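J.: Sequence:
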Amino acid sequence: MKKVAALAAMMLVPLLLAIPTALAAPTTAAVGDFGGCLAAQQQGDLLLMVDQSGSLQGSDPDAARVSAANFLLEQLNTFGGSAGVELNVAIAGFSDDFTVHAPWTRLDKGSLPALQDEVEKFRTRNDGIDTDYWNALDGARRTLAERDGHSEANRCQAVAWFSDGKLDFTVRDAEKPYAQGVSLGSDQGVQQVVAAARESICRPAGIADQLRSSGIVTFAVGLAAGTAQPSDFDLMRSIATGGDGACGKATSSSPGDFYLAQNIDDLLFAFDAFSTPGQAPIEGETGVCVASVCEEAQHRFVLDDSISSVTVLGSADAEGLIPTLIAPSGAQLALDRAGAPTTATLDGAQVAYRWMSPRSVSFTMTKSDDSAQWQGMWSLVFVDPDGSSPLARSKTNIHISGNLFPAWLGMDTSAVHSGEKTSAIRLGIVDADRNAIDPSDLLGSAALSVSLTDAGNVEHPLVDRIAKERIGDPVELDFSDVPPGAATLRLTLDVTTADARSAAGEVIAPGTALTPQFVDVPLTVSPPIGYPIVPATVDFGTVEGAGQFAASIPITGPGCVWFDGATPVAFDSVPDGVGDVGVSAGSAPSAANCLEIGEGQQASLPVDLSVPAAGNGSLNGSIPLMMSPPGEPDRALPINVAFTAELQKPLNSGRFWLVFVLVLLFSIAVPPLLLYGVKWWTARIPAKTLKAMRVGVTIEGGQVLRDGAEFGIRESDLSQLVRGLNKPARSLDVEGVELRTRIGLSPFGPGYVVAQQSGLVAASGADPSVDRRTGGARLPLAIHNNWVVLHDPDGPANLATVLLLVGADATDDSNRRLVADLVRKVPGRVADLRAAHPGATPSAAPPSAPPSSDPFGAPAPTFGAAPSWDTAPTFGGAAQSGAGAPARSSAADPFDPFRPPGS
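Take the position in the sequence shown, starting the count at 1, then add 191; the result is the number in the numbering used here.
Keep in mind that the hints were calculated from the coordinates and are not lab data.
It should be emphasised that the depicted structure is a prediction, and the values quoted were computed from it without experimental measurement.
Where hints are given, some of them may not hold.
Simulated crosslink set (DSSO-like; lysine-lysine; CA at most 30 Å straight-line) [unchecked claim]: (1) K558 with K659; (2) K918 with K312; (3) K312 with K357; (4) K870 with K840; (5) K1016 with K840; (6) K840 with K918; (7) K357 with K300; (8) K879 with K312.
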């Protein structure tokens, strides 16, 4: 599972208050899950999504949301640096639509200013006409899904969602895609659209469930100011938390957290609550002291020398109070109000503080080499200097950084089987760099626990609170009652700082119990020995339109695997309007007709996805399978394989032909050259990361062999990135093969790419595979996840070279499909190339060839060159002549604007 985990790297310790109102956030909160994921994966994504509706002009005239969001970015940056977590951030806004304002950027000291500058622009982004939750959530889902496609599985992802109002729309003549046929032209129409949006979001398997089943954690912040009431955020709360069952399928654990704010100070505390993922601060509340520091209103916490820093957010519900920090020695530091961040020292400790609002202050306290008084009891108190607010209340969020994590040492080499105990393993504690530390070095106490949550969401306690003195001793983990399949192993570290003592050694205050630190490790529990090995997931990739779509599940023997027809396929999320989606494995429908694999052998179980109608969104669920040892169906065990697919609607053909007719009529009056110019301008290779590999192959008996074995992609392959795709490109040099865009004869339809190398003939896996005019291989503009075969027609008939073009978003399944397509088509492509070029080798035009007067696809046209921003593009040029120019006959090859491009 890919929970957007919020890190346990920073041991954020809440303030240990002397009063009973010091409460910690529940350790099962979503921010803890997000932290546990980040602690394990050490990287993740956070989408900051901010409301831009016009109501903000009244509810937040001072743009408190901007100050709070930038405070969040500062805290996250500090957290990532100290916890060893690479956090990537994107910034988006929503109102009647959804817009990404800042693309995915790694958050660090260098990028923080630019990201904060982008957030500052939301001060004037407050004129939107709707508060469209549907567009916001679907946009967030798409943005995170695109990001997840560029990375490994189990990626930690979250969205921080701010809004100042309920789901609502402005009356106007317009429609929404999820309420087609319903006009917003009346109050009644607005209510119908609101109902349609709510239904699409909250129905079982709707958009809320699409986010949850994709492992995306939602942190929602509602600003109940201006005309907004707390009840206006009931839907937002249900979408985020799912706990009340009012939106989406009921969940046993919270898929997100919700925070209600009514002013700038509430907003700061709301954003601060998830600014250190995995270590939610303990929230303390008490009164204030009148005239001078007192005992009864102190927020107390105890530090020892293993703690390096503390961050505190404090606030009072009255202005004019003076927050005062008190050291173990009794020395005091008044955090006087200042317009800019201020630095001071207290008993050698460095204190940097800043007033966030007239009532709230944030400070970070760092131990220095000469902090002799660091260890002991500290406290913060708010003092009312003139007694004007004696009944005021104060509250704090305190984060103490320890940067310690629980770990299973040597886990990568340990096998885990259902129904068995592990061999002796070692648990330990590691620092932010994941280096093991000696538990005895901790000055306070510590305990380490282990539990596992299986695919059915059942928790299995494995180890309960191993004391500090025994951490590192060999232990066994009992998986006797754990079913095979995907699971999450949770390691929990509880640390308490050393007690504060007097000079005589007497305990004057107990140590502070840090918030438990989680590390959530994705784990596949293998079946018992003798059963086949089945992967935890299968990915159908991006599915366009309706129809049947195939994928395969790789199985390692020995044993038998078949589809469990008695158990229905579980669908966790299904996009709107796609009908009754089905998943099946027809080639292995029963134990008698199972997929049988021998010892040490591998095979693939084909699975088919049936989509009755086209739709947009995430399709997630699980496929029920059965497996057994060879010849022993009576010992069959069930196992669920999670599946995912990203559904997309194809081009609307009716709309396309309407546009086509309109353009055709328009072209009668407008010179066709303008249409060609538009087509040329759009004919560019997309700016997406591309990896390439060129390798020689042999064709024998209809098979494609690499080094004498069946062709395949190896782990060391595809290590080189193709240069030149930092922006859309018209030409590339990839492993010695020239790729150049073409527009074809017709002014309509998309352009394409031709791949050529001098002295060789080429074809691709696309259809058509060869460009008739140039003789090169023809590819779509989106060349990613395609292949080209090159052949010397004067050389041996069974030798060729293949060029793989693989996008960074490729998965193992998509690579397998790419290889399967290559292996199936290459023998025929080479035979066709050889037949079309018997002993004659065409040459690709060299890059330095003069410009061509043929703007319709001849080699080296002006259209293929990079555009000049100093002069207008030249549609024409000197005519090409000689052997390199393809022969054309106006009689045999007349211009036909309705001919498909390149034919």
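J.: Confirm or reject each hint.
T.: For each hint, the structure was consulted:
no.: 1; hint: K558 with K659; verdict: holds, 25 Å
no.: 2; hint: K918 with K312; verdict: holds, 25 Å
no.: 3; hint: K312 with K357; verdict: holds, 23 Å
no.: 4; hint: K870 with K840; verdict: holds, 23 Å
no.: 5; hint: K1016 with K840; verdict: holds, 28 Å
no.: 6; hint: K840 with K918; verdict: holds, 26 Å
no.: 7; hint: K357 with K300; verdict: violated, 36 Å
no.: 8; hint: K879 with K312; verdict: holds, 28 Å
Against the hints set out earlier in the document, a violation occurs for number 7 only.
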